[in-house]
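Undergrad: Listed below are the residues making up each chain.
Number of protein chains: 2
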Amino acid sequence: MVVHRVQPYNAEPPPGALACHALTPLDTFYGRNHGAIPDLDVTAWRLVVDGLVDRPLTLSLDDLRGNFPERTVVATLQCAGNRRAGFLRVRDIPGEDPWGPGATSTASWAGVSLADVLAFAGLRPEAAHIAFTAPDISEQGGPPEPYSASIPVAKATAGEVLLAWEMNGRALPRAHGAPLRVVVPGWIGARSVKWLQRVTAQTEPSGGYFQSVAYRILPAEADPEQAGPGDGISLGPVALNSAILRPADGARVSPGPVEVTGYAYAGDDRTVARMDISLDEGRSWLQAALDPPASPWAWQHWRITVDLPEGETAIIARAWDTTGAAQPEYAGHLWNPKGYANNSWDRIAVTCR
Amino acid sequence: MVVHRVQPYNAEPPPGALACHALTPLDTFYGRNHGAIPDLDVTAWRLVVDGLVDRPLTLSLDDLRGNFPERTVVATLQCAGNRRAGFLRVRDIPGEDPWGPGATSTASWAGVSLADVLAFAGLRPEAAHIAFTAPDISEQGGPPEPYSASIPVAKATAGEVLLAWEMNGRALPRAHGAPLRVVVPGWIGARSVKWLQRVTAQTEPSGGYFQSVAYRILPAEADPEQAGPGDGISLGPVALNSAILRPADGARVSPGPVEVTGYAYAGDDRTVARMDISLDEGRSWLQAALDPPASPWAWQHWRITVDLPEGETAIIARAWDTTGAAQPEYAGHLWNPKGYANNSWDRIAVTCR
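Those protein sequences? They're chains A and B, same order as listed. Everything in the first sequence is counted per full-length UniProt numbering, starting at 1 for the first residue and increasing by one. Everything in the second sequence is counted per full-length UniProt numbering, starting at 1 for the first residue and increasing by one.
Because the hints were derived from the structure by calculation, they are not lab data. Note that CB positions come from ideal geometry on N, CA and C, so glycine has one too. Where hints are given, some of them may not hold.
Between beta-carbon pairs, the in silico distance windows are [to be verified]:
#, chain 1, residue 1, chain 2, residue 2, range
1, A, Gly122, B, Val48, 53 to 59 Å
2, A, Ile137, B, Ala128, 44 to 50 Å
3, B, Ala36, A, Glu126, 51 to 57 Å
4, A, Asp27, B, His21, 18 to 24 Å
5, B, Asp249, A, Pro257, 33 to 39 Å
6, A, Gly332, B, Arg46, 55 to 61 Å
7, A, Ile137, B, Val306, 45 to 51 Å
8, A, Ala22, B, Arg5, 46 to 52 Å
9, B, Ser284, A, Pro69, 51 to 57 Å
Start from the sequences, fold in the hints, and give me the full structure.
TA: Dropping the structure here:
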C-alpha cells in the first residue's frame with residue numbers, strides 16, 4: 001500500500017493492484033480515515049435510530065440480522081480526493097494528501113437495507129435528511145468532533161444504501177468499519193460512514209464539519225481557510241471518472257503489443273457507455289473493451305492492446321457515460337482549493353525500447 | 001425564428017429570445033420534426049395502450065381526463081442536436097441541421113402521468129421498455145416509417161413522464177403534438193413523442209430508426225452511413241449543458257457594465273450547482289447568479305455583470321452540476337459523426353468600443 005499518513009491511517013494500493021479484480025481484495029481496499037480507528041466491543045455495541053421517527057430504536061447486531069432481510073450490493077467506493085495528485089501537478093494544495101487513482105475500490109457488501117430499518121422505525125414525512133454518527137474523533141475541522149455525515153431521504157430510502165457487516169463474503173474488518181458501516185452506492189466514500197453508532201432522521205443535512213464545510217468544491221479563487229458552512233458545491237453522487245492502472249506511469253515496455261488496462265466509474269446511478277484511449281493527445285481515439293458493471297453502482301474494468309512507437313508515448317484515457325457525457329480534458333480547469341473530484345482525462349507516459 | 005428546414009419544419013428561436021423567460025412562450029418554443037405535422041381529428045383520435053399489459057386500453061382524450069389525476073410538470077426539452085453548430089466549426093456534418101443553443105425550451109406541461117396509465121393497464125413484470133408511436137412519417141432512415149421511440153420502464157413509471165394536452169396553461173398546439181404528446185423530463189427531446197397514438201409495453205427498446213440507429217453517439221472515426229441498429233451510445237438522459245443568450249455572438253457593446261445572461265441545464269434528474277464565466281480563456285472564472293430550477297427537470301437562467309476591456313473579448317461559459325462535474329472544454333474532442341450532445345464550454349465574441 002502507498003501510505004499517505006499513518007495517524008490517522010490513509011493509504012491506497014498502487015494502481016496496478018486494482019487491475020483484474022472486479023472485487024478488490026480486502027487487504028488492497030483503500031483506507032481513508034479522519035481519526036484513529038475505533039476498537040468497538042461488538043457485544044456492547046448498539047445502533048441507535050432516532051430523530052424524526054415514530055419508534056426510536058436501539059438495535060444489536062443480532063437484532064439487525066434477525067429482523068430485516070439480508071441484502072447484498074456490489075458497490076464501488078471512491079474518495080472525493082481520488083486523483084488529487086493530478087491537481088497538485090497544477091498547483092499545490094497544502095494539508096491534503098496526494099491521492100492517486102487508488103482511492104477507489106469495489107466490494108460486495110452485505111447487511112440490511114437502510115430503507116427497511118427506516119420504514120420499521122416509522123420515518124416521518126418531515127424528515128429530509130438521514131445523518132450518520134460514528135465514534136472516531138477528527139481534529140481536522142478545528143475543535144475535535146466525532147465523524148458525521150448525511151444523505152437526503154430520497155437516497156436513504158432508495159433501497160441500495162446498506163448498513164453492512166460483511167465485505168466480499170467475510171466479516172467486515174475493523175479497518176473498514178466493524179461492526180457496522182454505511183455503504184452509500186454511487187456516492188463519495190465520505191458518506192459511507194464507518195463504525196456506525198447512530199442514524200438520525202432530521203430536517204437539515206448534518207451540521208458536522210465533514211458535511212457542512214469539507215467535501216465541497218470551492219471556486220479556484222476562494223480561500224479555503226475562510227470557507228464557512230454551506231460554501232461551495234456539496235459533494236454527494238460521484239462524477240464520471242476513469243484511470244489507467246497498467247502499465248504504470250513512467251514504465252518501460254518492450255516493442256510489440258502492450259495491454260493497457262484500467263477502471264472507469266460513472267458514479268451516481270449511471271454506468272459507463274464507452275471507454276476511449278488516445279496515443280496522440282486526443283486527436284484520435286481507440287475504443288477499449290469495457291466490462292459490464294456488476295451493479296448500477298460498480299466500476300467497470302477495461303482493456304485494449306496497442307502498439308507503441310519507439311520512445312516516449314503519452315497514453316490518455318477518458319470515459320463516456322450513458323447520457324453521452326465525456327470526462328473533461330484538463331485538471332487545471334477543475335482545480336479547486338481542497339482538491340476534490342479530479343475527473344479530468346487520465347494520462348501516463350510509457351517509454352518503449 | 002431561425003428556420004433550418006421548412007419541410008419537415010425545423011426551427012429555433014434566436015438565443016436572445018430565450019433569455020428572461022423561465023417558461024418559453026409557445027411561439028418561441030423550438031420545433032424539431034422528422035416528417036410533416038399531422039392534422040388529427042380529436043373526436044376520432046384514440047390512444048391505444050397495448051403490449052405487455054393485462055388490460056389493453058383504447059382511450060379518448062375525455063377518458064384520460066376523466067380517469068386519471070391531472071398532473072403538471074415544468075420540464076425543459078432539449079434536442080440532442082442542440083449546439084451542433086459548434087461541431088460544424090470543427091468539421092462538417094453533412095445532412096444535419098446547424099442548430100444553435102435555441103433547440104432548448106421550457107414549458108409547464110399538464111396531462112396525466114404515464115405511470116398512472118400503465119398501472120391502470122396492468123403493466124406486466126416482464127415489460128422492460130415503453131414504446132411510443134406517432135403518425136408522422138419520416139423518410140430520413142431509408143424506407144418511410146412512422147416516428148417511434150421508447151424509454152425504459154424505470155423512467156416510464158417514475159411519475160414525472162406525462163401524456164400532456166396542455167402547454168403553459170393553454171391547449172397543446174398542433175405544432176407541438178396535439179391532441180396528446182409524451183413529455184419525458186430530463187431526456188432528449190426525441191423521446192417526447194408528439195401526436196401520440198400508441199403506447200406499447202415490450203421487452204426490448206423500440207426497433208424504429210430513431211431509437212435503434214439515430215440519436216446515438218458514434219466514435220468520431222465511424223462512418224455514419226455504415227452504422228447499424230445498436231451501434232454507438234444511445235442517448236436518453238441529457239448531459240450537463242449551458243449557453244450564453246445575451247449579448248449575441250459578435251455583438252458590439254458600449255464601454256461600461258455589460259449584463260451577460262444565459263441558461264444552464266443539468267438534464268436527467270440533476271440540477272446546476274454553479275455557473276462560471278471566464279473572460280480570459282478559462283484561466284480564471286467569475287460566478288454568475290443562478291436561478292433555482294422550477295423543477296428537477298428545468299433549466300436555470302443565470303446572469304452576471306462584467307466590465308469588458310476595449311476591443312474584442314471572448315466570453316466563455318460553463319456549468320457545474322450537483323455531482324461536482326463540469327462541462328468539458330472543447331467541442332472538437334466531443335465531435336461525433338451525427339453531431340449530437342455538444343456540451344462543451346459555450347463561447348461568444350463581443351467587441352467593446
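Undergrad: Determine for every hint whether it applies to the structure shown.
TA: Each hint tested on the structure:
| no. | hint | verdict |
| --- | --- | --- |
| 1 | A/Gly122 / B/Val48: 53 to 59 Å | violated, 43 Å |
| 2 | A/Ile137 / B/Ala128: 44 to 50 Å | holds, 49 Å |
| 3 | B/Ala36 / A/Glu126: 51 to 57 Å | holds, 52 Å |
| 4 | A/Asp27 / B/His21: 18 to 24 Å | violated, 58 Å |
| 5 | B/Asp249 / A/Pro257: 33 to 39 Å | violated, 47 Å |
| 6 | A/Gly332 / B/Arg46: 55 to 61 Å | holds, 58 Å |
| 7 | A/Ile137 / B/Val306: 45 to 51 Å | holds, 46 Å |
| 8 | A/Ala22 / B/Arg5: 46 to 52 Å | holds, 48 Å |
| 9 | B/Ser284 / A/Pro69: 51 to 57 Å | holds, 53 Å |
Of the numbered hints stated above, those contradicted by the structure are hints 1, 4 and 5, listed in ascending order.
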